[in-house]
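Those sequence lines, one after another, are chains P, H, A and V. Heads up: the first sequence begins at 1 in our numbering, then just goes up one per residue. Heads up: the second sequence begins at 1001 in our numbering, then just goes up one per residue. Heads up: the third sequence begins at 2001 in our numbering, then just goes up one per residue. Heads up: the fourth sequence begins at 3001 in our numbering, then just goes up one per residue.
Derived by calculation from the structure, the hints in this document are not laboratory data. Hints are supplied without guarantee of correctness; some may be wrong.
Only some residues are given here: those of chain V computed to face chain H with a beta carbon under 10 Å [claimed, not checked]:
{"no.": "1", "residue": "R3010"}
{"no.": "2", "residue": "N3011"}
{"no.": "3", "residue": "Y3130"}
{"no.": "4", "residue": "S3134"}
{"no.": "5", "residue": "G3140"}
{"no.": "6", "residue": "P3146"}
{"no.": "7", "residue": "I3326"}
{"no.": "8", "residue": "G3342"}
{"no.": "9", "residue": "T3372"}
{"no.": "10", "residue": "H3378"}
{"no.": "11", "residue": "L3446"}
{"no.": "12", "residue": "M3448"}
{"no.": "13", "residue": "V3472"}
{"no.": "14", "residue": "Y3530"}
Predicted, not measured: the structure shown is a model, and the values here were computed from it. From the three backbone atoms N, C-alpha and C, an ideal C-beta is built for every residue, glycine too.
Residue strings, one per chain:
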Amino acid sequence: MSNVAAHADDRGHAHAHHPALQHHFDTMAQQKEAAVVGMWVFLLTEILFFGGLFAAYMVYRIWYFDAFAEASRSLSLFWGGLNTAVLIGSSLTMAMAVRCAQTNKRTATVNWLILTMILGAVFLGVKVIEYADKFEHHHVPGYNFQWAAAHEAPAAGEHAVAASEGAAAAEGHRELSLTPAQLQLTTQIYFSLYFTMTGLHALHMIIGIGIMLVITRMAYQGKFDQEYYTPVEMAGLYWHFVDIVWIFLFPLLYLVERHV
Amino acid sequence: MKIFGIPIFPEQASTFAADVDALYFFVLATCAFFAIGVAVAVIYFGIRYHKKHDGEIGARIEGSLPLELLWSVIPTIIAMVMFGWGASVFYHLRRPPAEAMHIYAVGKQWMWKFQHLEGQREINELHIPAGRPIKVTISSEDVLHSLFFPAFRTKMDAIPGRYTELWFEAQTPGEYHIFCTEYCGTNHSGMIGTVKVLEPAQYQAWLQGGSMEGTLAQRGAKLFNDLACSTCHLDTGQGRGPSLKDILGKTVDLQDGSSAIVDEGYLRESILNSQAKIVKGFQPLMPTFQGLISEENLVALIEHLKSLSPNATTAAAPATGAAAATPQPAAAAVEKK
Amino acid sequence: MSGHVSPISLYITIFMALMVLTVATVGAAFVDLGQFNFLVAMIIAGFKATLVIWYFMHVKYASKLTKLTVATGIFFLAILLGLFLVDYGSKAFTQMPPFLS
Amino acid sequence: MLDQLKMPARNYLNNGHGLASWLLTKDHKRIAIMYLISISVMFFLGGLFAVGIRLELATPAGDFVQAGTYNKFFTAHGVIMVFFFLIPSIPAVLGNFLIPPMIGAKDLAFPRINLISLYIYWIGGVFTLYAMLSGGVDTGWTFYTPYSATGSNSNVVPVALGIFIAGFSSILTGLNFIVTIHRMRAPGMTWFRLPLFVWAHYATSLVQVLGTPVIAITIVMLAVERGLGFGIFDPSRGGDPVLFQHLFWFYSHPAVYIMILPALGVQSELISTFSRKTIFGYSFVAFSSVAIAVFGFIVWAHHMFVSGISTYAAMVFSFLSFSVAIPSALKVFNWAATLYKGAISFETPMLYAYGFMGLFTIGGLTGLFLATLGMDIHLHDTYFVVAHFHYIMVGGAIMGYLGGLHFWWPKITGRMYSEFFSRIAAILVFVGFNLTFFPQFVVGYLGMPRRYHSYPDEMQVLNVLSSAGASVLGLGYLLPAIYLVWSLKKGEVAGPNPWGASGLEWQTQSPPLTENFVEVPIVDREPYEYEHVAAKEKHLV
Ligand code: HEA
Ligand code: HEA
Ligand code: CUA
Ligand SMILES: [Cu+2]
């Protein structure tokens, strides 16, 4: 820190000020370091933001383990697993986008960013399918919430398969300590948390895609070079963070107790 | 304890009171020592080292490790003493003895309902014997409340969907406050009552149904609780209904702009057919008790209401039995306003 | 002055590792490990998260300050969850909501 | 000498005129001024509700306003004072203005984010105020469930969302400070040359960044429960209302250190400057700020001793609660020691510093009563608690804020206020304050519950004292509003360093340039060295 002024001099001699250097910074390096630390501090707040939800989840999972296990089995492993893969893939493409920005490959950066957004959209699409399924089964908490309906009273033929599967699974269950009335009450807590957690996660992804749209445009316009690609890097950090949240949400929500 | 007749220290009416107060005075003394010590030092330095001329600067003293250690270690030790003492009192407060007498309390917006194992129910009033440990199991019908007995130095939250408990052993017979100390909505401050600590013999008498030997007014008072009148008519005037304290002989303004003087007839009409005259500023919420209250009980009730107005007996007309149940607008209502 | 550029092969490796670990979590969930199912799932997830943070998010090459920031986040998350458990962990044995017992 | 002093020709105040030059500025000093105006409005609004409270409590009967109205009063009072006045007060005004010049920077690291956080604060404020005025809420500032989730009225969600929004303003301010302090220090400005004010703000920022997101998520959960019918806290849907309290206090206890730490920082500056002496035990005072911030996160359940947490947990949290007392004690003792062999003078800021010393100590020490388990059972939710936190928040934090405001006013505006009136105000505030809140300790131990619209007759005398004190206090707060505004036009020109203070911010002109310094200063001195300043001062006289 002590030789910041000296740095400024060095750079002044080497070449003219980079157009992206803001007046209150001395060097691009200082500006970039500030941005990286700032972003990480922001992610710190995000950790605690989701942390509050995880705390609530933890408490109820301890209290209502059986209901959580029961409710989590009603989620589709296929969609959940697919989404995990999609999101991890999008992390890879995002990392590639940053790498291309670092190495000054403009078109490649744009392409990787677009691919990342597409994968993000796929993830959200799958979430829509899953949410729609919850609506259909009255698994959305609130006044229409119905736990039993999904398993015991399938409305139409198409549900028959699912129902028999459910029944088969039910046979293998260890004995539940909960009555149907208690299940109705406590599975609703699970779904309240499910929707809050996945909803906020999805919201973060939507914001992330929004940010990427802007950044893709900037990249396309050639605003970045190997000296200055901070926005791409910041968007990358954010996107990876969203991925990490999902890495935890997936086992917490989909895999409470699958072995029965 | 009082100064110039103003209470400045709560009564000590339970075994805990002395324990908690002793702790209090210990912490108070320690803290006073530090607060006064700091104040004296600061003021002394302020005078002693007052700047004498322009440009004067203080001595350059950077600090002293021994001092820093001294004044972090000593407070640490004192703090641990406070913690230990406080924790032991707390542990005692949280462990009801097995032989404790058991009472249930239910918090509800905005009243305390107590139930004795013997079957007696009370609202906003609790009779207990002195000299016996008593365990109160607390629950709530709606939101959070907190049952607080300042004279016993104990309180506990009422949590819907869960039971909590507190215990105490009252020592000095007398009447003490019951407060609700967890904010619970509009009439939180009206959710108050009285705990009546009786001598064990008196308590037995009360259990046997004080109403038997009790006066009519006392029986009325009991009915006033049993019929849940007291849920709406709080003395503080904050219930859903008006306060009935000192009401006899008063002129009340009615909803339709007229007014009425309160006598026994008015009271009776108000009870049996409350919709007939709605008091200004209130909703017509009160149920009609026509057919629900026997005559004897009605009399007892009115007697009780009268006893709430000790200074106004002369103003009231004598009860006129059934006749009084019909409205007497011409006689009683005096146009005003 | 630009940051460290990682080889593409590293990214691919990390990606593959993450996929494998995802399959592993799902697999582990179908094995009855009793109490340990949850632990295994969390350890795998923690490992995955570490890979993402360390390589994709370049913390490996970042300043000490950035590393410290990440550690702070994890530390305070641990305080949050840990001290919640101090209450709920000791309460679970004594007091369940009555409508459940 | 006075004639020689002229307002500098070029400064941040005359660098651009018109509304747009303010509303679109990225200058941290102008943003600070806009914060100053906003929080002052909020303070008087919150104070108005306090006047309502004290009027009602002047008599035992609930006669001035109805119970429901009273409940809305203290809710509005608490919410406005905590979230819209005290939390932003010192950081967003004094911190914003002073941190860059103190460390020799031209601006904060993210000037645009700084401006955005002001706008976020405004949006949150408008949101909350609107909801409060159009019907109000009566949950208390703590928003305990299930009352807030199922009872009360539907304004709960908008008011809570207003707080949610304002929270992001607080987060962004903290983020900005952290990065600025790490990355923008002038050459030679090492960590141990930072003014203690900056250390305190660093610690504050940590709390803002780590704590605020938890209240945000708590509000989200409350909103989905109330708005969408989700079951999270509502016991009738299997939820746990005590969980809400845990989450709420996980933020709100650390938040009390957001309120007090900056004031502790101001206090260090004042004590040092007005005794012309380096701080005793600089590194202990510096690290104690960080220690308070960190320990602040492990004590929250001391607000919940009677709320149904387990006995074991109560013991753990009571034990931990005492941990914050030790770094606080360090600070108090080091300030006292700083005065020893100083060259002390009693200008207005020092009067506030002395007041702070006493009131913060009492406030903090009564916190120990509450942290002591057996006693909190009796004291919880009585006026003892009300007295405790007003001693710290009004007697401590606001004293610190006013002291700081008077101290840096000449730097901010370039002019001096009336020393006579400012001393009167400081004394009025001190006297009025004690008269208002000391009786509340007594009435609290007597058992008077808080949030009570009416109370037993025998407690009236103490309450009347309190109400009387509040009027004196109100007067004491009104005065500065008048003479400070007056000083803007008529005040004497102050010059760069009217107090003979040692910090970097006093080495530039007052009011400073937009870039703070003509050229980036190079720091080659330890903090709080008065030898140089005194030499200069002599030279001037
Ligand atoms: C700025 C705000 C602020 C600050 C700094 C504090 C500081 C402290 N507070 Fe306070 N508190 C509040 C604001 C604050 N509080 C508010 C708003 C509430 C009520 C919320 C509500 O319910 O609405 C509250 C409530 C509250 C409670 C809950 C009471 C209840 O509801 O039952 C408790 C309990 O432990 C407590 C304790 C403490 C402690 C131990 C400190 C410590 O940090 C104090 C440390 C300072 C010192 C100790 C003084 C200096 C030391 C010395 C001079 C040396 C001597 C020391 C020793 C011998 C150890 N506070
Ligand atoms: C920063 C925080 C802050 C500040 C500054 C204050 C300032 C004051 N507060 Fe407060 N208060 C809280 C935070 C704060 N409060 C909180 C968090 C609660 C808990 C809320 C809850 O329970 O939910 C509370 C609750 C609270 C109560 C308890 C209410 C109850 O439980 O029923 C009382 C009662 O006396 C009170 C009084 C006061 C007074 C007299 C002031 C005075 O300092 C105010 C002085 C200011 C003015 C008077 C206005 C400015 C002056 C004028 C406009 C001039 C004209 C006026 C006159 C001459 C009278 N406050
Ligand atoms: Cu019930 Cu307050
Ligand atoms: Cu606290």
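Hints, verified against the model:
{"no.": "1", "hint": "R3010", "in the structure": "violated, 30 Å"}
{"no.": "2", "hint": "N3011", "in the structure": "violated, 27 Å"}
{"no.": "3", "hint": "Y3130", "in the structure": "violated, 23 Å"}
{"no.": "4", "hint": "S3134", "in the structure": "violated, 19 Å"}
{"no.": "5", "hint": "G3140", "in the structure": "holds, 5 Å"}
{"no.": "6", "hint": "P3146", "in the structure": "holds, 5 Å"}
{"no.": "7", "hint": "I3326", "in the structure": "holds, 5 Å"}
{"no.": "8", "hint": "G3342", "in the structure": "holds, 4 Å"}
{"no.": "9", "hint": "T3372", "in the structure": "holds, 3 Å"}
{"no.": "10", "hint": "H3378", "in the structure": "holds, 4 Å"}
{"no.": "11", "hint": "L3446", "in the structure": "holds, 5 Å"}
{"no.": "12", "hint": "M3448", "in the structure": "holds, 8 Å"}
{"no.": "13", "hint": "V3472", "in the structure": "violated, 21 Å"}
{"no.": "14", "hint": "Y3530", "in the structure": "holds, 4 Å"}
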